[in-house]
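Chemist: So the chains spell out like this:
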Amino acid sequence: MRRTIAIGSAVLLMLTLGWRSPGQAQTKDDTIVYALQSDVDTWDPPNSVLREAIILGYQVFDHLAVRDLKTRKVIPNLATSWKTLDDTTWEVKLRQGVKFHDGSPFTAKDVKASFERVLDPAKKMTARGNHAKIKGVDIVDDHTVRFRTDGPYPLFVERMTALVMHSEKVLREKPHEWVQENPVGTGPYKLVRWNRKQEHLLVRNDDYWGAKPYFKHVRIRIIPEQATQIAELISGGVDVIKAVPPDQMDVIEKSGQARTATSPILRTAMLQLDQAARGGPNPFTDKRVRQAANLAVDADAIIKHVLNGLGDRTATAVNPMAFGWDPNLKPYKQDVARAKKLLAEAGYPNGLDITFNTGPPVVEPAIQQTNDAIVADMAKAGFRVRQNYIGDNTVLVARIKEGKGGPMFNWSWGYYSVFDADAILYDVFKCGEPYSYYCNKELDDMIHAGRSTLDQKKRAEVYVKAQKLLFDDAAYLYKWGLRGVWGISNRIEYQAPADEVDRMFLATPRKK
Amino acid sequence: MKYYVLRQLIQLAVVVLGISMLVFAILHVIGDPVLLLLPQNAGKEEYERYHKLLGLDKPIHVQYWKFASRAVQGDFGKSWYTDTPAFKLVLERMPPTLYLTTAGLVMALLIALPLGILAALKRHSFIDNACTMLAVAGQAMPIFWLGIMLIIIFAVRLKALPASGYGTWEHFLMPAFTLGAFLAPITMRLVRSGVIEILNMEYIRTARAKGFAEPTVIVKHAFRNACIPVITVLGLQFGQLLGGAIVTETVFAWPGVATLTVDSIRNQDFPVVQCAVVLLALIIVVVNFIVDMVVGLLDPRIRLGA
Numbered sequence: 001m002r003r004t005i006a007i008g009s010a011v012l013l014m015l016t017l018g019w020r021s022p023g024q025a026q027t028k029d030d031t032i033v034y035a036l037q038s039d040v041d042t043w044d045p046p047n048s049v050l051r052e053a054i055i056l057g058y059q060v061f062d063h064l065a066v067r068d069l070k071t072r073k074v075i076p077n078l079a080t081s082w083k084t085l086d087d088t089t090w091e092v093k094l095r096q097g098v099k100f101h102d103g104s105p106f107t108a109k110d111v112k113a114s115f116e117r118v119l120d121p122a123k124k125m126t127a128r129g130n131h132a133k134i135k136g137v138d139i140v141d142d143h144t145v146r147f148r149t150d151g152p153y154p155l156f157v158e159r160m161t162a163l164v165m166h167s168e169k170v171l172r173e174k175p176h177e178w179v180q181e182n183p184v185g186t187g188p189y190k191l192v193r194w195n196r197k198q199e200h201l202l203v204r205n206d207d208y209w210g211a212k213p214y215f216k217h218v219r220i221r222i223i224p225e226q227a228t229q230i231a232e233l234i235s236g237g238v239d240v241i242k243a244v245p246p247d248q249m250d251v252i253e254k255s256g257q258a259r260t261a262t263s264p265i266l267r268t269a270m271l272q273l274d275q276a277a278r279g280g281p282n283p284f285t286d287k288r289v290r291q292a293a294n295l296a297v298d299a300d301a302i303i304k305h306v307l308n309g310l311g312d313r314t315a316t317a318v319n320p321m322a323f324g325w326d327p328n329l330k331p332y333k334q335d336v337a338r339a340k341k342l343l344a345e346a347g348y349p350n351g352l353d354i355t356f357n358t359g360p361p362v363v364e365p366a367i368q369q370t371n372d373a374i375v376a377d378m379a380k381a382g383f384r385v386r387q388n389y390i391g392d393n394t395v396l397v398a399r400i401k402e403g404k405g406g407p408m409f410n411w412s413w414g415y416y417s418v419f420d421a422d423a424i425l426y427d428v429f430k431c432g433e434p435y436s437y438y439c440n441k442e443l444d445d446m447i448h449a450g451r452s453t454l455d456q457k458k459r460a461e462v463y464v465k466a467q468k469l470l471f472d473d474a475a476y477l478y479k480w481g482l483r484g485v486w487g488i489s490n491r492i493e494y495q496a497p498a499d500e501v502d503r504m505f506l507a508t509p510r511k512k
Numbered sequence: 001m002k003y004y005v006l007r008q009l010i011q012l013a014v015v016v017l018g019i020s021m022l023v024f025a026i027l028h029v030i031g032d033p034v035l036l037l038l039p040q041n042a043g044k045e046e047y048e049r050y051h052k053l054l055g056l057d058k059p060i061h062v063q064y065w066k067f068a069s070r071a072v073q074g075d076f077g078k079s080w081y082t083d084t085p086a087f088k089l090v091l092e093r094m095p096p097t098l099y100l101t102t103a104g105l106v107m108a109l110l111i112a113l114p115l116g117i118l119a120a121l122k123r124h125s126f127i128d129n130a131c132t133m134l135a136v137a138g139q140a141m142p143i144f145w146l147g148i149m150l151i152i153i154f155a156v157r158l159k160a161l162p163a164s165g166y167g168t169w170e171h172f173l174m175p176a177f178t179l180g181a182f183l184a185p186i187t188m189r190l191v192r193s194g195v196i197e198i199l200n201m202e203y204i205r206t207a208r209a210k211g212f213a214e215p216t217v218i219v220k221h222a223f224r225n226a227c228i229p230v231i232t233v234l235g236l237q238f239g240q241l242l243g244g245a246i247v248t249e250t251v252f253a254w255p256g257v258a259t260l261t262v263d264s265i266r267n268q269d270f271p272v273v274q275c276a277v278v279l280l281a282l283i284i285v286v287v288n289f290i291v292d293m294v295v296g297l298l299d300p301r302i303r304l305g306a
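The listed protein sequences correspond, in order, to chains A and B. Anchor point for the first sequence: position 80 equals 80 in the working numbering, and the numbering is continuous, going up by one each time. Anchor point for the second sequence: position 239 equals 239 in the working numbering, and the numbering is continuous, going up by one each time.
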């Protein structure tokens, strides 16, 4: 009786809900498999804040400009050239003969529609803030557009890599909901199907205007558990995984099936100190205490021993890959005696108690281990640090945004993938910004000066001065630039991307 | 019997209603979803606009009424995160979880029934002790550890099964076994004690005295009665099984509703969480209803004594 019920209901379930069998059209040799830890919320990149959405966007859409992975410079893509006509006008020439996946040609009106959609406040696109300096887009002819900007906009070229080009026809004819699930781009791959939180299947766009991808199919699988990702990689089920923890690199290297690759990425880690007193009075409002914290920590040793060398020490939070970085500014070196002396001068001869809000390793590898090392170093100078672990990163971030992160907390910044000092100084150091716990009028003026001219030489000079100020004032406890670790199957050639955007269309089979 | 069914049905409705209220209340206590939804550089104005847009500015009982009156029509609202109907999202992910839990249940029975009966028949023997040890080991083993061990052995070393994913029968084996191993120990022990107890009953002695062969006695007379507590417990354990499914789904990248629920709680995506919890509660309650019916059929004392 019971068995009949069990079998009967199982059969019934399968019949009513439908049994989906996976497509068998593609073979292993013409398919590359890429794993993500979590799925995207939408196939409309400007409507998402997720890194995964940017990555998927790159496979199916094109941008006006892209970053060359070798030189890290911005190079033409759908735009063939650009120039300024005056301080607030950019003219961009567009590539000819490019077609969308639905066969319609790519022209100036698609550029105008794509930008106007993002800029329209009523559309509530999450990417709007990144392009808000653009006031309007004018069509000159089919393959020339002009951008009017609100004041000089030095980041214009960088930001051309950050918006996908939609088809004007699709945006006009299809409802918003349709666009969320059906990307129509000009990119190297087309979306075949999307099984939410399970996998995406892409097929090569054989009419692609640029170099055609080697692999006919891309499967993007969602595998939440890191151990499973690694098991898939070394058993041949997946070809590329990202964010491999440093302690697992050996497992991959020794498998004979796969290897690891690292690349510096545009993300700087630091401990923010509540200089601005957003959470009320605290010891870090005193410059000497902040300096003492920086002097107490031996960051070089932590990078070497805890991170296996996977970090690049920075003098401030400005990343070596960002425009404006000052190579001549040397980072703090550990000097416990001086740290103690500074603390005594600040009125803490017997040390002081500090609460440290820490988070999980979502973007920063081995964050718990490095935190422990930092706390131990700080103890030597007299900081008695109590770690307060907040296991959910979104909760930590929300708390920080509300001004409740202080007096000291884990922070890292990915620059929204804009390789420019402004992309961190404005968000993380300017008075009154939601993620800034530092406030200094002098610095604010420099930030403003840096974004108000198109003269790159002048801008670089401003940023050198800003970094000197941030270093001398020990705004935060500075750590290092992060390095990403990828796991790559030995059957393919693939370059780890510095901008954290995986490009499956650049993968090729490995030469035997 | 009619009253019995009716009473169970009323209970069912009350439980589902209670759970929907509870979920609603808890979600509103744990934090402000708007802070998580908005991009990092959004201002206060934007915040208040969203607050209003999502109806969070209304008193909670008004919000609940709006939710409940739509929910009975299958409209749980749109996911705040993905902008798709929550009901569609949850329904899409329901089959994989139901397949997995059903397969886990079947796997647990395949392990527990023969071993439990064997242990009961060979009480205090080597076999019985071995079964006890197996049960203790199974109970003590964390699901995620077992799952990863299976992956390492069968996918990485032997390359016999796919490490993770969903779609073919091969994808089923490891997750179902993992989940089955989680449920099997308690079931096995229950079968054992049930069979032992019943074998001492007088009607078994009668059956034997009548000259029935031992297998007939066991299967026809003893087993049926030993089943009653097992079925009851399996019904109760079904909720546990869904809990186990969260870990199993995560380890094996199984696209089920359990991981969807956990993700949505993390994102404070109220509509999806509410929809998933209410539907899952409904399933658990229905399973228990079926169990009660089956037990009632098997044991007249229950339906008549009531």
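Treat each hint with caution, since some may be false.
Unchecked claim - Pulled a few chain B residues facing chain A out of the computed Cβ check, cut under 7 Å:
{"#": "1", "residue": "82"}
{"#": "2", "residue": "149"}
{"#": "3", "residue": "151"}
{"#": "4", "residue": "154"}
{"#": "5", "residue": "159"}
{"#": "6", "residue": "163"}
{"#": "7", "residue": "206"}
{"#": "8", "residue": "251"}
{"#": "9", "residue": "253"}
Source of the hints: derived by calculation from the structure; they are not laboratory data. It should be emphasised that the depicted structure is a prediction, and the values quoted were computed from it without experimental measurement. Heads up, the beta-carbon is just placed ideally off N, CA and C, and yes, glycines get one too.
Chemist: Against each hint, give a clear statement of whether it holds in the structure.
Modeler: Verification of the hints:
1. Taking 7 Å as the C-beta cut-off, the interface hint given for residue 82 of chain B holds, the closest approach to chain A being about 4 Å.
2. The restraint placing residue 149 of chain B at the interface with chain A is violated, with a minimum CB-CB distance near 10 Å, outside the 7 Å limit.
3. With a least beta-carbon distance of about 5 Å to chain A, the hint placing residue 151 of chain B at the interface is held under the 7 Å criterion.
4. Taking 7 Å as the C-beta contact cut-off toward chain A, the hint placing residue 154 of chain B at the interface is violated, the least distance being around 9 Å.
5. The beta carbon of residue 159 of chain B comes within 6 Å of a beta carbon in chain A, closer than 7 Å, and the hint placing it at the interface holds.
6. Hint status for residue 163 of chain B relative to chain A: holds, with the closest Cβ pair at about 5 Å, below 7 Å.
7. The beta carbon of residue 206 of chain B comes no nearer than 23 Å to any beta carbon in chain A, farther than 7 Å, and the hint placing it at the interface is violated.
8. A cut of 7 Å between beta carbons decides the hint on residue 251 of chain B: the least distance to chain A is about 5 Å, and the hint holds.
9. Annotation: residue 253 of chain B was flagged as interfacial toward chain A, and the flag holds, the nearest CB pair being 4 Å apart, inside 7 Å.
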